[in-house]
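Asks: Protein chains in written order, with my numbering: chain D, 1 to 103; chain V, 104 to 206.
Simulated from the structure, these hints should not be mistaken for laboratory data. Hints should not be assumed to be uniformly reliable.
[Claimed, not checked] Derived BS3-like pairs (lysine-lysine); straight-line CA-CA distance at most 25 Å:
1. D:66 with D:103
2. V:206 with D:44
3. V:127 with D:44
4. D:24 with V:142
5. V:127 with D:39
6. V:117 with D:66
7. V:117 with V:169
8. V:127 with V:117
9. D:66 with D:14
10. V:147 with V:127
11. V:127 with V:142
12. V:206 with V:117
13. D:44 with V:147
14. D:103 with V:142
15. D:44 with D:14
16. D:103 with D:44
17. V:206 with D:24
18. V:206 with D:39
19. D:103 with V:147
20. D:14 with D:24
21. V:169 with D:44
22. D:39 with V:117
23. V:142 with D:44
24. V:206 with V:169
25. V:147 with D:66
26. V:142 with V:169
27. D:24 with V:127
28. V:206 with D:66
29. V:206 with D:14
30. V:147 with V:117
31. D:103 with D:39
32. D:39 with D:24
33. V:142 with D:39
34. D:44 with V:117
Each chain, letter by letter, is given below.
Number of protein chains: 2
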Amino acid sequence: MVKISVMYPYAEGKTFNMEYYETKHMPMVAQFLGTNLVKYTIEKGIASGIPNQPLPFMAIGTFYVKSLSDYQAAIAPNRDAIRADFPNYTNITPVILVSEVIK
Amino acid sequence: MVKISVMYPYAEGKTFNMEYYETKHMPMVAQFLGTNLVKYTIEKGIASGIPNQPLPFMAIGTFYVKSLSDYQAAIAPNRDAIRADFPNYTNITPVILVSEVIK
């Protein structure tokens with residue numbers, strides 16, 4: 001299984017509306033993915049696990065999919081709609097990690 | 104539920120031995136956590152999800168626990184043992200994110 005993690009780095013002045021993200025943005029993207037999507041998760045960053053270090057990420061949304069190429073094919077025609085929704089919940093440019101589930 | 108994500112950033116010259124991590128390091132830490140640990144996961148970074156961007160993380164290990172304070176109490180007396188094991192599988196200093204599971 002493949003994970004696509006959309007990670008929103010914390011920095012001074014950055015904002016993130018979790019309610020909008022959970023109720024509008026993530027369901028919209030999930031719908032684009034269809035049956036390739038196994039599940040998706042949302043987490044809210046609380047703190048760094050290392051004392052005196054800043055919070056690394058304000059939020060992470062993760063899609064678990066069966067096929068990376070099917071994911072890419074589903075996202076491509078909807079990329080503009082996804083990006084146009086960003087200002088509705090955040091002013092952060094996300095980092096995106098594609099990873100393989102080992103365990 | 105609380106997630107503690109131990110994230111290993113990619114950079115030139117950095118190495119990560121996934122086999123050691125999966126078979127030795129993570130089981131050792133999991134044992135320290137006892138019944139507070141709900142599950143743990145391991146993922147291997149493949150690529151950035153954004154074209155022409157470097158891989159953000161080589162690997163991420165995540166502990167799902169019931170209580171953050173119990174996690175911290177369990178790790179504190181074992182921190183030296185955990186850190187001493189780092190050179191056995193990596194030369195990366197991890198970033199650690201504590202987050203709340205929203206969905």
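Asks: Could you run down the list of hints and mark each one as holding or not?
Replies: Going through the hints against the structure:
The straight-line distance between the Cα atoms of residue 66 (chain D) and residue 103 (chain D) is roughly 15 Å, inside the 25 Å bound, and the hint therefore holds. Proximity of residue 206 (chain V) to residue 44 (chain D) is assessed by CA-CA distance (about 10 Å); at most 25 Å being required, the pair is judged to hold. Our distance criterion of 25 Å between C-alpha atoms is broken by residue 127 (chain V) and residue 44 (chain D), whose separation comes to about 29 Å. A C-alpha spacing of about 29 Å is found between residue 24 (chain D) and residue 142 (chain V), which places the hinted pair above 25 Å, so the restraint is violated.
Proximity of residue 127 (chain V) to residue 39 (chain D) is assessed by CA-CA distance (about 29 Å); at most 25 Å being required, the pair is judged violated. As the CA atoms of residue 117 (chain V) and residue 66 (chain D) are separated by approximately 29 Å, the hinted pair breaks the 25 Å bound. A threshold of 25 Å between alpha carbons decides the hint, and for residue 117 (chain V) with residue 169 (chain V) the separation of about 33 Å lies outside it, so the pair is violated. Among the hinted pairs, residue 127 (chain V) with residue 117 (chain V) is consistent with the structure: their alpha-carbon atoms are about 20 Å apart, no more than 25 Å.
For the hint pairing residue 66 (chain D) with residue 14 (chain D), the CA-to-CA distance comes to about 33 Å; that exceeds 25 Å, so the pair is violated. About 16 Å separates the Cα atoms of residue 147 (chain V) and residue 127 (chain V), which keeps this hinted pair within 25 Å; it holds. Between residue 127 (chain V) and residue 142 (chain V) the alpha-carbon distance is near 16 Å, which keeps this suggested pair within the 25 Å criterion. Restraint check for residue 206 (chain V) and residue 117 (chain V): the C-alpha separation of about 33 Å exceeds 25 Å, so the hint is violated.
Proposed proximity of residue 44 (chain D) and residue 147 (chain V) is supported: the alpha carbons are some 22 Å apart, at most 25 Å. The straight-line distance between the Cα atoms of residue 103 (chain D) and residue 142 (chain V) is roughly 10 Å, inside the 25 Å bound, and the hint therefore holds. About 14 Å separates the Cα atoms of residue 44 (chain D) and residue 14 (chain D), which keeps this hinted pair within 25 Å; it holds. Proximity of residue 103 (chain D) to residue 44 (chain D) is assessed by CA-CA distance (about 22 Å); at most 25 Å being required, the pair is judged to hold.
A threshold of 25 Å between alpha carbons decides the hint, and for residue 206 (chain V) with residue 24 (chain D) the separation of about 13 Å falls inside it, so the pair holds. Taking the CA atoms of residue 206 (chain V) and residue 39 (chain D), the gap is near 10 Å; set against the 25 Å cutoff, the hint holds. At roughly 10 Å between alpha-carbon atoms, residue 103 (chain D) and residue 147 (chain V) fall within 25 Å of each other, so this suggested pair holds. Between residue 14 (chain D) and residue 24 (chain D) the alpha-carbon distance is near 20 Å, which keeps this suggested pair within the 25 Å criterion.
For the given pair, residue 169 (chain V) sits about 16 Å from residue 44 (chain D) by alpha-carbon distance, which is consistent with the 25 Å threshold. At roughly 32 Å between alpha-carbon atoms, residue 39 (chain D) and residue 117 (chain V) are farther apart than 25 Å, so this suggested pair is violated. In summary, the hint linking residue 142 (chain V) to residue 44 (chain D) is supported, as the alpha carbons are separated by about 19 Å, within the 25 Å threshold. For a cut-off of 25 Å, the pair hint linking residue 206 (chain V) to residue 169 (chain V) stands: about 15 Å separates their Cα positions.
Between residue 147 (chain V) and residue 66 (chain D) the alpha-carbon distance is near 16 Å, which keeps this suggested pair within the 25 Å criterion. With a C-alpha separation of about 10 Å, the suggested pairing of residue 142 (chain V) with residue 169 (chain V) holds against the 25 Å cut-off. Our distance criterion of 25 Å between C-alpha atoms is broken by residue 24 (chain D) and residue 127 (chain V), whose separation comes to about 41 Å. A threshold of 25 Å between alpha carbons decides the hint, and for residue 206 (chain V) with residue 66 (chain D) the separation of about 20 Å falls inside it, so the pair holds.
Of the supplied pair hints, the one linking residue 206 (chain V) and residue 14 (chain D) holds, its CA atoms being roughly 22 Å apart against a limit of 25 Å. With a C-alpha separation of about 14 Å, the suggested pair residue 147 (chain V) and residue 117 (chain V) falls inside the 25 Å cut-off, and the hint holds. Between residue 103 (chain D) and residue 39 (chain D) the alpha-carbon distance is near 16 Å, which keeps this suggested pair within the 25 Å criterion. Distance hint between residue 39 (chain D) and residue 24 (chain D) is fulfilled; the C-alpha atoms sit about 16 Å from each other, no more than 25 Å.
A C-alpha spacing of about 17 Å is found between residue 142 (chain V) and residue 39 (chain D), which places the hinted pair at or below 25 Å, so the restraint holds. The suggested pairing of residue 44 (chain D) with residue 117 (chain V) is violated, with an alpha-carbon distance near 28 Å, which exceeds 25 Å.
Checked against the numbered hints above, the structure violates hints 3, 4, 5, 6, 7, 9, 12, 22, 27 and 34; every other hint is satisfied.
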